[in-house]
Amino acid sequence: MRNTTNAEKLSKARIDTAQRSAKETASNGVVIDCNIDELYYSTFKAVRDTSIPVKKNRITAFIGPSGCGKSTVLRCLNRMNDLVRGFRFKGHVHFRGKDIYHPSVDATAVRRFIGMVFQQPNPFAMSIYNNVAFGLRLNSYKGPVAEKVEDALKRSALWDEVKDKLQKSGLSLSGGQQQRLCIARAIATEPEVLLMDEPCSALDPIATRRIEELMVELKTRYTIAIVTHNLQQAQRVADNTGFLYVDTSDGGRCGYLVEFGESGQIFNDPREQYTKDYIRGEFS
Amino acid sequence: MSDINQISRPPTHSQQVVDTAFRWLCCGFACLSVLMVALIMLEIAKDAVPAIRQYGPGFLAGTTWDPNTGQFGILPEIWGTLYTSFLALLIGTSFGVAAAIFLSEGFLAQAVFQILKAFGLQFHPVLGKLPDRAEVLLKNLIELLAAIPSVVYGLWGLFVIIPLIRPACNWLNLKLGWIPLFGTTLTGPGVLPAVIVLAIMILPTITAISRNALVSVPPKLRMAAYGMGATRWETILAVILPTAARGIAGAVILAFGRALGETMALAMLVGNANRISVSLFSPANTLAALLANNFPEAAKKDVGVLMYAALVLLAITLFVNIIGSIILQKASAGQEGGK
Ligand SMILES: Nc1ncnc2c1ncn2[C@@H]1O[C@H](COP(=O)(O)OP(=O)(O)OP(=O)(O)O)[C@@H](O)[C@H]1O
Ligand SMILES: [Mg+2]
Numbered sequence: 013m014r015n016t017t018n019a020e021k022l023s024k025a026r027i028d029t030a031q032r033s034a035k036e037t038a039s040n041g042v043v044i045d046c047n048i049d050e051l052y053y054s055t056f057k058a059v060r061d062t063s064i065p066v067k068k069n070r071i072t073a074f075i076g077p078s079g080c081g082k083s084t085v086l087r088c089l090n091r092m093n094d095l096v097r098g099f100r101f102k103g104h105v106h107f108r109g110k111d112i113y114h115p116s117v118d119a120t121a122v123r124r125f126i127g128m129v130f131q132q133p134n135p136f137a138m139s140i141y142n143n144v145a146f147g148l149r150l151n152s153y154k155g156p157v158a159e160k161v162e163d164a165l166k167r168s169a170l171w172d173e174v175k176d177k178l179q180k181s182g183l184s185l186s187g188g189q190q191q192r193l194c195i196a197r198a199i200a201t202e203p204e205v206l207l208m209d210e211p212c213s214a215l216d217p218i219a220t221r222r223i224e225e226l227m228v229e230l231k232t233r234y235t236i237a238i239v240t241h242n243l244q245q246a247q248r249v250a251d252n253t254g255f256l257y258v259d260t261s262d263g264g265r266c267g268y269l270v271e272f273g274e275s276g277q278i279f280n281d282p283r284e285q286y287t288k289d290y291i292r293g294e295f296s
Numbered sequence: 002m003s004d005i006n007q008i009s010r011p012p013t014h015s016q017q018v019v020d021t022a023f024r025w026l027c028c029g030f031a032c033l034s035v036l037m038v039a040l041i042m043l044e045i046a047k048d049a050v051p052a053i054r055q056y057g058p059g060f061l062a063g064t065t066w067d068p069n070t071g072q073f074g075i076l077p078e079i080w081g082t083l084y085t086s087f088l089a090l091l092i093g094t095s096f097g098v099a100a101a102i103f104l105s106e107g108f109l110a111q112a113v114f115q116i117l118k119a120f121g122l123q124f125h126p127v128l129g130k131l132p133d134r135a136e137v138l139l140k141n142l143i144e145l146l147a148a149i150p151s152v153v154y155g156l157w158g159l160f161v162i163i164p165l166i167r168p169a170c171n172w173l174n175l176k177l178g179w180i181p182l183f184g185t186t187l188t189g190p191g192v193l194p195a196v197i198v199l200a201i202m203i204l205p206t207i208t209a210i211s212r213n214a215l216v217s218v219p220p221k222l223r224m225a226a227y228g229m230g231a232t233r234w235e236t237i238l239a240v241i242l243p244t245a246a247r248g249i250a251g252a253v254i255l256a257f258g259r260a261l262g263e264t265m266a267l268a269m270l271v272g273n274a275n276r277i278s279v280s281l282f283s284p285a286n287t288l289a290a291l292l293a294n295n296f297p298e299a300a301k302k303d304v305g306v307l308m309y310a311a312l313v314l315l316a317i318t319l320f321v322n323i324i325g326s327i328i329l330q331k332a333s334a335g336q337e338g339g340k
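For the protein sequence lines, the chains are A and B, in the order given.
Residues in the first sequence are numbered consecutively from 13, following this note's numbering.
Residues in the second sequence are numbered consecutively from 2, following this note's numbering.
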């Protein structure tokens, strides 16, 4: 099922990660420590009691049924939810030991260190080059922009397809290429963490596979958190997996974390009954 | 086929007839409107032919307008039309686009939300809807500006704007008179009051169309920019405005057309003086005002001259529209596939 190059890359990345994490035992290698007690959109309680540690140079996956709050939790990690009017949040999210929801912290600054790739490819209506250079200009990057752009496009496995048409509009690319362009745009500024919300849901299996390979490559330099509906995908790429489920007991539809652990354990030996049912596909 | 499936069936004969009839009806109305424009142009051109024969292209370069001696030239009016429209467009666009940004990017909604929150009412079943409504409410208010009759604008300009700005204008002339823009004093009607009123008159057009263009920028682009860590201003300037540029440019062209043809308010405010001057305070004249002022008393033989002037105005408007659409096409060439 799994092609060899992918498997090789996977195992190599795992070894890299193992060596790296050995050095970081001090802080347990946790880059983002997320503790959500209660999260509201206006008066609607969307998520409760969810705490997920996102470890450095690992891929952390969020799985769960639709509407359980995976995207919401992910968007909490770089304060994208602040853009929703009426959003309220109890708990804390520590990034490198600092609470990003502290009043003194600027939400836009947080997003420069924690990048995001969205479900729908969303390149800007500008040239491919300018799309990737956008973040560099935003951060008033003084170094060689063209080099960085090329580097980002290479790392997102798009360079060969676009190197002759960098001045063409980013919208002229196919869906899968657009998504890789968005990944290039997000990694060009070398953020510490990359959040990906169902990055492959609009893509065909081949493009999906390429992006999965890409993630495994990228995790040697970045930390990745991904939301996915595709359990095989989580199994293939994720080191850690969190399973969220909806609690309808008090009349609402409140998402919460059921189980979090190493992907191997979650998929092969889940502790909770809900997780077992979900993974076996036994949900009504 | 109906025996296969009970619910789906092909359109009935009468449905098809209605469909065809509807298509022809629309086609007919569309053709009628085009025909009307063509007829008007033809009529004007026909009436203008004698004057065109008599005065030729020299009419466009002449600077006197004297029915008594039969000397006619409209260069000052052409200059006045373009000058006032251009200045009004400059002011109207700045204010209009700013208003459109304010009314589309959630500034107002957020402010209202904060105010409600201060009173703990942000989730109130009725008041809680206010933030979303506020923008539309204010937009409608601005669009109401378009419903004010032109003559009311003229009166308002005469009795409010001119007295209001006169001291400042004359002070500018006194202190900075060496700048050609402030070269004369403002004694009454003149370019500046006309421009101010014209700018207000085209404001609703620019605001409404620009706002529509801004609102229809896909939210996912906004999210992408915010997700990169762009501030709100960076997002607006670097992503949203360029994406909506086409629509905003369309608004500006439409407003320019309106400014070129505006008659009543300008006839009251521009001073109706046959003069070419860059001074903002000098009286001037525009083609539309010239027509309005001269038609009522025009002798039979002078009507042709006025028709000639009307034709020139039409040509200018057409020319501006064509140039505008060419610029539009050029500007959006880099975003193919954007729609
Ligand atoms: N901007 C918002 N305003 C109000 N409610 C929201 C908003 N975004 C999400 N919700 C609500 O929060 C809950 C969780 O939504 P979320 O998008 O996080 O689900 P999800 O797990 O990502 O689902 P999916 O897998 O379908 O993407 C849903 O009930 C949804 O209706
Ligand atoms: Mg989602």
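Since the hints were made in silico from the structure, they are not lab data.
Note that CB positions come from ideal geometry on N, CA and C, so glycine has one too.
It is possible that some hints are incorrect.
What the hints assert, rightly or not - Covered stretches of chain A (in silico footprint by chain B; criterion: 3 or more residues with CB under 8 Å from a CB of chain B, positions within the stretch not fixed): (1) 124-131; (2) 136-143; (3) 262-269.
Stated by the list, open to error - Quick list of the computed label-pair ranges, beta carbon to beta carbon: (4) 175/A to 128/B: 51 to 59 Å; (5) 54/A to 137/B: 51 to 59 Å; (6) 111/B to 79/A: 46 to 54 Å; (7) 243/A to 144/B: 29 to 37 Å; (8) 116/A to 139/B: 29 to 37 Å; (9) 279/B to 54/A: 53 to 61 Å; (10) 147/B to 243/A: 55 to 63 Å.
Evaluated hints:
Counting residues of the segment 124-131 of chain A whose CB falls under 8 Å from any CB of chain B gives 5; the rule of at least 3 is met. Given as covered by chain B, the segment 136-143 of chain A passes the check, having 4 residues with a CB less than 8 Å from a CB of that chain where 3 are the minimum. With 0 residues carrying a beta carbon less than 8 Å from a beta carbon of chain B, the segment 262-269 of chain A misses the three-residue requirement, and the given coverage is violated. Separation of residue 175/A from residue 128/B is about 56 Å and conforms to the stated range, judged on CB atoms against 51 to 59 Å.
Under the hint 51 to 59 Å, the C-beta atoms of residue 54/A and residue 137/B, about 20 Å apart, miss the expected range. At roughly 27 Å, the beta carbons of residue 111/B and residue 79/A sit outside the given window of 46 to 54 Å. At roughly 52 Å, the beta-carbon separation of residue 243/A and residue 144/B lies outside the given 29 to 37 Å, and the hint is violated. Remark: the range hint 29 to 37 Å for residue 116/A to residue 139/B is upheld by a beta-carbon distance near 34 Å.
As the Cβ distance of residue 279/B to residue 54/A is approximately 56 Å, the hint placing it in 53 to 61 Å holds. Between residue 147/B and residue 243/A the C-beta distance comes to about 57 Å, which sits within the given range of 55 to 63 Å.
Hints 3, 5, 6, 7, counting from the list given before, are not met by this structure.
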